[in-house]
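Enquirer: Read off the chains here:
Number of protein chains: 2
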Amino acid sequence: MNDCITLAHGEGGRLYRELVEQVFLPAFDNVALNELGDSAVCPAFGDRLALTTDSFVVRPRFFPGGDIGRLAVSGTVNDLAVSGAQPLYLTCAMILEAGLPIDELRRICDSMAASARDAGVAVVTGDTKVVEKGACDGIFINTAGVGLFRREPLPQKIRPGDVILVSGSVGDHGLAVLAAREKLDFRPQLESDAAPLNGLIDALLQAVPETRALRDATRGGLTAVANEWAETSGVTVAIEETAVPVRPQVRSACQLLGLDPLHAANEGKVVAAVPERFADAALAALRKHPLGKDAAIIGRAESGPPRAVLITSIGARRILALPEGEQLPRIC
Amino acid sequence: MNDCITLAHGEGGRLYRELVEQVFLPAFDNVALNELGDSAVCPAFGDRLALTTDSFVVRPRFFPGGDIGRLAVSGTVNDLAVSGAQPLYLTCAMILEAGLPIDELRRICDSMAASARDAGVAVVTGDTKVVEKGACDGIFINTAGVGLFRREPLPQKIRPGDVILVSGSVGDHGLAVLAAREKLDFRPQLESDAAPLNGLIDALLQAVPETRALRDATRGGLTAVANEWAETSGVTVAIEETAVPVRPQVRSACQLLGLDPLHAANEGKVVAAVPERFADAALAALRKHPLGKDAAIIGRAESGPPRAVLITSIGARRILALPEGEQLPRIC
Numbered sequence: 001m002n003d004c005i006t007l008a009h010g011e012g013g014r015l016y017r018e019l020v021e022q023v024f025l026p027a028f029d030n031v032a033l034n035e036l037g038d039s040a041v042c043p044a045f046g047d048r049l050a051l052t053t054d055s056f057v058v059r060p061r062f063f064p065g066g067d068i069g070r071l072a073v074s075g076t077v078n079d080l081a082v083s084g085a086q087p088l089y090l091t092c093a094m095i096l097e098a099g100l101p102i103d104e105l106r107r108i109c110d111s112m113a114a115s116a117r118d119a120g121v122a123v124v125t126g127d128t129k130v131v132e133k134g135a136c137d138g139i140f141i142n143t144a145g146v147g148l149f150r151r152e153p154l155p156q157k158i159r160p161g162d163v164i165l166v167s168g169s170v171g172d173h174g175l176a177v178l179a180a181r182e183k184l185d186f187r188p189q190l191e192s193d194a195a196p197l198n199g200l201i202d203a204l205l206q207a208v209p210e211t212r213a214l215r216d217a218t219r220g221g222l223t224a225v226a227n228e229w230a231e232t233s234g235v236t237v238a239i240e241e242t243a244v245p246v247r248p249q250v251r252s253a254c255q256l257l258g259l260d261p262l263h264a265a266n267e268g269k270v271v272a273a274v275p276e277r278f279a280d281a282a283l284a285a286l287r288k289h290p291l292g293k294d295a296a297i298i299g300r301a302e303s304g305p306p307r308a309v310l311i312t313s314i315g316a317r318r319i320l321a322l323p324e325g326e327q328l329p330r331i332c
Numbered sequence: 001m002n003d004c005i006t007l008a009h010g011e012g013g014r015l016y017r018e019l020v021e022q023v024f025l026p027a028f029d030n031v032a033l034n035e036l037g038d039s040a041v042c043p044a045f046g047d048r049l050a051l052t053t054d055s056f057v058v059r060p061r062f063f064p065g066g067d068i069g070r071l072a073v074s075g076t077v078n079d080l081a082v083s084g085a086q087p088l089y090l091t092c093a094m095i096l097e098a099g100l101p102i103d104e105l106r107r108i109c110d111s112m113a114a115s116a117r118d119a120g121v122a123v124v125t126g127d128t129k130v131v132e133k134g135a136c137d138g139i140f141i142n143t144a145g146v147g148l149f150r151r152e153p154l155p156q157k158i159r160p161g162d163v164i165l166v167s168g169s170v171g172d173h174g175l176a177v178l179a180a181r182e183k184l185d186f187r188p189q190l191e192s193d194a195a196p197l198n199g200l201i202d203a204l205l206q207a208v209p210e211t212r213a214l215r216d217a218t219r220g221g222l223t224a225v226a227n228e229w230a231e232t233s234g235v236t237v238a239i240e241e242t243a244v245p246v247r248p249q250v251r252s253a254c255q256l257l258g259l260d261p262l263h264a265a266n267e268g269k270v271v272a273a274v275p276e277r278f279a280d281a282a283l284a285a286l287r288k289h290p291l292g293k294d295a296a297i298i299g300r301a302e303s304g305p306p307r308a309v310l311i312t313s314i315g316a317r318r319i320l321a322l323p324e325g326e327q328l329p330r331i332c
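These protein sequences, in sequence, are chains Y and C. Residue numbers for the first sequence follow the working numbering, so the first one is 1 and each next one is one higher. Residue numbers for the second sequence follow the working numbering, so the first one is 1 and each next one is one higher.
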């Protein structure tokens, strides 16, 4: 492990895992944490709470399709929803840089509030710290979320034969933020997909309670989800390249910038694994919801070594691995 | 209201209240938030959860008596405890600046873990973001806390005749951090009092369930608590200057720096208001606990205009008001 924190430590790859395994887990060792789920499952009142936390440091603060406030609500709501919990309450803590225009803060709060209404959650408590100019970059927002498990927490365990679905096009958020940051102009415009997914996920779980695993494809995109599932479930996760929905403008932007839309971040897309016999029901449930109208079946789990593979348009299979090191910092 | 955020917006005074009243409350309007308590009281499972959040940006990160990790656990645990809830779970989100030595991060995590063990809480979920060098100052930590109300939430309502107690000497944290930041050397050394107070508070509430209100005297110190209680309860809160415990080294440091120990921050002191007939029982319960051995009765609530007053050593009464504007930024 390096001696100092690097941007790569924030990217969810090998260095991040080392940090978790060598620093955080030894220090905080406990059952709920050690599961390393999107939300911790915590006993309370003889029942189970879901708890999660996320900080948002996106640059720029405003971008087509969203802003840091919409992200801060959607990201945390989605972490609760993909673990199978109903999101209920959010906390909101802001670190503000002296000099931030109050009008921007107001716009961000209004956006958070609108997203919270979309998700049906309440922001019940907050905290504000102000640091001197130069000590933070504008505004950082933390939201922690509390949810209730109405049913058993999802097993998050995938078996050979299970079918993998995605709720719509991938890469929209990552490319929209990158374009806004670098002031690149694409037509049609790139737009973030940031949205709370609990309604969509609820519809899926009602239609297919047998759903095995859900994940929102944020940092590292679809590639990160496929690799994580392969590793934790001990299966080969095979994704069909031509089946993955990618908007034309995202595809062009990726080609121009040398990026892969499968690695790029999403903030409004859920990846689902369901037993094969429920694949059509799951697809129909997703497509019936406005946020899932472009849903698609994109692959399946196979017996085999625990890795993610991409089946290309000509039927070849290649390893689907995350690039090492720094990718796109501060996209959320 | 100013057009831009200033350091004074973070100080808990008039500008901060304007921000809350003109930006946050209009955006996030809901019953739990509008109470503006140390913790939000949230229905769940037909019972009540306590939720709170706090970000920590203290400078320097290590100081005599504590560090940012100990603060991050103590501050959030104490916010739950003073509302009468039993702290159970913490979330922990870190924003790290590229270049932070991993060894420092490890020390901070170990300190958080030790404080969590002291408090009997588990850190159940986390998040890590890394920002580029210069985009934050070393490390910012957010902890959100979940607690259970084992009894009714405290009324936080004080009546004339009630007696005010503090669990020990005031100003220790604020002066210790300031001395460490400015590299001032006082003998004996100034030491922060940062500590989780839930054990002490539990002992007090068991001895005196009739306790009316509790507050940890953080930003703005004892003065802020006295003013807040005067305003929310519509009473005069009269503090006897000579009854307030202040360590000699804190008093000297304050004289040298032109500060008032009553305004300075504490991170391990609770202020309590109890009906007069329970004052001795409350004092005894506090003093029996290691964190309350220097507890004292320091004043009382009186019928009169809603303000805090200080009764000086010669018996004169003067308004006890917080200084306007920027005090000591980044002490927590």
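The set of hints was computed from the structure by calculation and includes no laboratory data. Check each hint, because a few of them may be wrong.
One copy or two, either will do: identical chains are not told apart, so a pair holds if it fits within one copy or between any two.
[Unchecked claim] The calculated SDA-like cross-link candidates involving lysine to any residue, where the alpha carbons are at most 20 angstroms apart (straight line), are:
#1 Lys133 / Glu182
#2 Lys288 / Gln22
#3 Lys133 / Gly12
#4 Lys157 / Arg307
#5 Lys157 / Ile314
#6 Lys133 / Asp3
#7 Lys183 / Leu328
#8 Lys157 / Leu259
#9 Lys183 / Gly12
#10 Lys133 / Thr6
Enquirer: None of the hints should be skipped; say for each whether it holds.
Expert: Here's how the hints hold up against the structure:
Taking the closest pair of Cα atoms, Lys133 and Glu182 come within 20 angstroms of each other only across two copies (19 angstroms); inside a single copy the shortest separation is 23 angstroms, beyond that limit. Taking the shortest Cα distances, Lys288 and Gln22 never come within 20 angstroms of each other, neither inside one copy (44 angstroms) nor across copies (40 angstroms). In the homo-oligomer, the alpha carbons of Lys133 and Gly12 lie at most 20 angstroms apart only across protomers (19 angstroms), although the nearest pairing inside one protomer, at 29 angstroms, exceeds that limit. Proximity of Lys157 and Arg307 under a CA criterion of 20 angstroms is satisfied intra-copy only: 15 angstroms inside one chain copy versus 60 angstroms between copies.
When the C-alpha separation of Lys157 and Ile314 is checked against a cutoff of 20 angstroms, the pair qualifies neither within a copy, at 30 angstroms, nor between copies, at 73 angstroms. Only between protomers do Lys133 and Asp3 lie at most 20 angstroms apart by alpha-carbon distance; the minimum there is 15 angstroms, versus 28 angstroms within a single protomer. Only within a single protomer do Lys183 and Leu328 lie at most 20 angstroms apart by alpha-carbon distance; the minimum there is 15 angstroms, versus 39 angstroms between protomers. Taking CA atoms no more than 20 angstroms apart as the test, Lys157 paired with Leu259 passes in neither setting, with 30 angstroms inside one copy and 59 angstroms between copies.
In this homomeric assembly, Lys183 and Gly12 never come within 20 angstroms of each other (Cα to Cα): the closest approach is 26 angstroms inside a single copy and 38 angstroms across copies. In this assembly of identical chains, the alpha carbons of Lys133 and Thr6 lie at most 20 angstroms apart only when taken from different copies (9 angstroms versus 23 angstroms within one copy).
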